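Trainee: Produce the complete structure using the sequences and hints provided.
Here is what each chain is made of, one letter per residue.
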Amino acid sequence: MKDSDRKLYRAKIVDDYVRGRMSRRSFLRNASALGLGAGVLGTGMMRPTPTFAQNALEPSKEVLDWVREVSKPFSGTTLRLATESTPPSNAINSQLKKYFEEASGMTVEIETLPLEQVLQKLTLDIASQLGTYDLYYIDQSWAASVSRDVFDPREQIANNPDLAMPNYNIDDFMPALVDGIAKYEDRWVGVPYDIPIFIMQYRKDIYDKMGFGAPETLEEYYEQAKAITDENGPNLYGATGQMKSGHYSLECDWTAWLWGHGGSIFGPDGKFTGNDERGLEAMEYWTRLAQTMPPGVNGWTWDGEGQSVAQGVAASMMSWGEFFPYFDDPSATKVSGLMAAARCPKPKNPLRTVTETGYGEIPGVGHQGGSSLAVSRNSKNPDAAWIFMQWATCYDTQVLITALGGGTGPTRDSVYNDERIKANARVGAGTTRHLDVVRETIALDMGSEPDLPQWAELSNDTIPVRLGKYFAGEYASAKEAMDDIAQAVDKVVSG
Amino acid sequence: MMVRSKSSRMVRTIVGWAVVALFAFPLYYWMTVAFKEGNEIFNWPPKVWSFTPTIKNFEEVFGISFGFGFGEQREVLPGGGNFRMGPRLWDSIVIAILSTALAITIATLASYALSRMNFRGRHHFVSWVLSTRMMPPVAVAIPIFFIYKDIGLLDTYTGVILIHALMNLPLAVLLMKSFFDDIPGEIDESALVDGASRWLIFRRIVLPMVKGGIAATAVLCFIFSWTEFLFVLTLTQTGLKTVPVVSSTFVTSTGTAWGSMAALGAAAMIPAFIFILLVQKHLVRGLTLGSVKQ
Amino acid sequence: MKLGVLSPDRPFIWMLPLIAILIAFTIIPLFYNIWLSFHEYAPFKRALEPVGLKNWSLLLSDERMWEALGTTILYFVVVLTAEVVLGMGIALLLDTEEFGFGFLRTVLTLTLVVPPAIVGMMYLLIEDPEFGVLTYVLDAAGLLDKATPILSTASTALWGVMLADIWQWTPFMVLIFLAGLRSLPPEPYEAAMLDGASAVMTFRRITLPLLNKVIAVAILIRGIDVFRMFDYVFVMTSGGPGTSTYTLSLYAWQQTFSFIKWGYGATLSLFTLAIILIVANLFIYIAKVRW
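Chains as they are written, first to last, in our numbering: chain D, 1 to 495; chain P, 496 to 789; chain W, 790 to 1080.
Treat the hints with caution; some may be incorrect.
As the list claims (entries may be wrong) - Cβ pair distances, simulated, as ranges:
#, chain 1, residue 1, chain 2, residue 2, range
1, W, ILE823, P, ILE646, 33 to 41 Å
2, P, LEU773, D, SER60, 53 to 61 Å
3, D, ASN169, W, LYS834, 34 to 42 Å
4, P, THR600, D, GLU62, 56 to 64 Å
5, W, ALA980, P, SER502, 20 to 28 Å
Stated by the list, open to error - Pulled from the structure, derived: some chain W residues nowhere near chain D, Cβ distances all over 12 Å:
#, residue
6, SER796
7, PHE801
8, ILE862
9, GLY891
10, LEU913
11, PHE992
12, LEU997
13, ILE1008
14, MET1025
15, PHE1060
16, VAL1068
Quick caveat, the hints were computed from the structure, so don't treat them as lab data. Treat the numbers as computed from the prediction; the structure is a model and nothing was measured. Glycine included, every Cβ here is placed at the ideal spot set by N, Cα and C.
Mentor: Following this line, the structure appears as structure tokens:
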């Protein structure tokens, strides 16, 4: 641990202890691990030194006054939302929604579920036109299939100026995210709500010891991973992954390597191109890289992948930046304060452009898995839902979510500059010290999956089941596997 | 039974304890997870005996930290946070108890008739009752979803109670019939001759004699309702949720909150286990499913 | 009183609530599924469209379905056999009133109160490739090293799932068999003891024949559930690696909810139902189960 990191970390745990977030026992344990003698527990250190004023983390009065004003006709309404259990949804559900409910007189019921169960709920709601859910949480991979069932927020603002939040500033959402998450053809399928995105996260201590810097190229990344695994395996591996067969996460990893080698999923004619020369180059690279990962990687989704880094089994992961604040949590992981974030390595071959791909696919090493929030057309209270949606995605709420909710990536550009966010850029749970990297990645490296109604099936089954078979050794070669995928994908797409 | 030597009794005791310990171990391990902080759950070698216990997970799951002001409240930790599962435990209890009561009532009435009254096709009727358990749950869930949507039972206690009762009926009918079969038919007949009505015989004479059987059947119905996943998942929204479904809340986009999930799982075992303890005696005696006596 | 079929002396009135609820909740879904199997959900129209026999012909030519059927059968045979054999063994072991055995029987029933979905998560943790207890034990015993993760190796994944099922449901079989053992008449045993028959002989010649009905019904009841098993694979492997742990139930679930192919999902479910019906009735006939 570098000295400056150590200081930051020490300040953080003292802060936690003083504010009652850490038990005396774990404080003492952590303190002694950092070489803090008993002397520092003297009166001088006991004074709270919060990184930000407590009252700064309360919702702005202005916003709540607006909610109070426009919600009058809707008092007593109940709004429902089914969402994946993500940091923003958890922050709203457990801490922030009470302010909204108090001001508006509405009740907000949020159902937090694993991703595939959200899709199931949403599908049933759409198919039955039931309108149980007033708001939909829409993963970017479903945007195409849901686009006709939700309101376009721009139309909502135009058609209902009385209910539009002043200074909502819809143009503040990062353009890359609007393109990659919210837009399908010409419509906005809601507004960008959260943005998990691939960044390079690595163990600074191990990389320093090995004399490595953050990898610049994919090949360098492989060399580093191999060196670490060769020297430390099976106790420590250089890389890790989310490669559970038949799971969406495996498809996510694949696209990152595919795009990083200048390949793409589809060509402009709408045919699968993962089996072309660049696609096979990517497979050759990925197969080599997988050798440097823990053997259990084939059974892990992001859950196991994150755990392998958190518990010190893997020294790096090119994956969801959302995990970074978790890694810094000393009660949950063994790597608090040891992680560093960097942009993903540069692509090996030039990235394809949108015109060289199909269905709006945007190649980029930084795979994004964002989602949008939208008001359902089946809702019985679309206006009330629209008020909630504006509140949930406005500047002020996003700052609070980010400061409280574990430093998830905000979707509004201005939030990254907020003082309260910057103040949280210290080591410890809920850190925001990786957010500059996230912001750069969104602007420069972001890759987005194609938008087509069959994508849910392709990305959750057709592709990852066969990739899983490949890594289980059921194909003779990568070429055979990719040709098989090509044939299967084209069959699904043509219906 | 056979007289056994002291040494063979010894062996039996040792083997018995060893086998049960093997079955109990995964539960013990799961309990330790409920009392561990995140960084103690994942270790090589795994920490089985020595770790620093904490009740943090229980605090988080049951929202004991509820009531702090906003400023002092915990950050929403990735993969964790305050979920306040108390009401969900209550949902589970209400649904399990009421669906059990419903299933037992219906099954007792029907199986009394099946046991005491001969009619053509009785054997086929019982087979048909059993066959209603053969449909894959997915295939039942979708049509029921649409029916419930039309009659307003979606996301209600009534809806879930009905479907859980249905799911338990085949087993309950088989079991209850076996308990009635164990009681000699002569008792009913002599009462009939004395001029008592069927209903009176059922209520005053036969029913008190199968109390133990009802208890054994009830505990199985309770357990099946308590642990059911797919129907509750499909037929509820925000109004209510039982423990198995709400556990999946802990599978988040930033990892699984194993400690919280284990804490909820551990707490949820208690009501069901109490129920088992109450009827333990009848459970072991009664589960022959009517197949010994003819 | 002239109540005819509604008289309390006739069975109908007693069974009326049962018949009503079974018709409402099983006959209607059954016909709905049959109807559904000739239709398919058209996402663009947000409506069901008739497709004739397409789903049924797809079913027969679908390799994934046949593979899932094979997996289901393997799972069914192994799990059911293990649960019956282990269940019987443990029931014999625990069938005594010696000190402590009542406690042991109680502890054993604990596995039944944990929801299968949570048992899946539990075994996910126990079989974790890096931190799992079972992984550790197998590794230390030299049986399976860490380079062969149980749940993500095609040849071992299904066994990993079976373990969870066997762990949870063997105690259920123990309970049933214990109840059976308790209800046996003492006379044949006394005779056997006088003849000096060995324990194995007594079991084979007396216990097994007397218990065969109990065993048959236990197999029937548990077998139906094992064949439709869903929760464990859903939570533990989602069918992977590759397609090596796809069961029919999981495949039907996936078609229905992930791909919104309600028609094909219904077809798969009906096919599953048909198999269970045929096998179960054959079993009832062969094992001479009478109610």
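Trainee: Indicate, hint by hint, whether the structure satisfies it.
Mentor: How the hints compare with the structure:
1. W:ILE823 x P:ILE646: 33 to 41 Å: Given about 22 Å between the Cβ atoms, the range is violated.
2. P:LEU773 x D:SER60: 53 to 61 Å: 55 Å Cβ-Cβ, so the 53 to 61 Å window holds.
3. D:ASN169 x W:LYS834: 34 to 42 Å: Holds, since D:ASN169 and W:LYS834 (Cβ atoms, about 38 Å apart) stay within the stated range.
4. P:THR600 x D:GLU62: 56 to 64 Å: 59 Å, holds
5. W:ALA980 x P:SER502: 20 to 28 Å: 26 Å, holds
6. SER796: For W:SER796, whose nearest Cβ neighbour in chain D is about 44 Å away, the distance exceeds 12 Å, so it holds.
7. PHE801: Given a closest Cβ separation of 37 Å, the condition holds.
8. ILE862: Per Cβ check, W:ILE862 is outside 12 Å of chain D; nearest 20 Å; holds.
9. GLY891: 40 Å, holds
10. LEU913: 9 Å, violated
11. PHE992: It holds; W:PHE992 is separated from chain D by about 41 Å at its closest Cβ, greater than 12 Å.
12. LEU997: 41 Å, holds
13. ILE1008: 31 Å, holds
14. MET1025: 9 Å, violated
15. PHE1060: Given that every Cβ of chain D is farther than 12 Å from that of W:PHE1060, nearest at about 20 Å, it holds.
16. VAL1068: Non-interface label on W:VAL1068 holds, nearest chain D Cβ at 28 Å vs cutoff 12 Å.
The structure does not agree with the numbered hints 1, 10, 14 stated previously, though it agrees with the rest.
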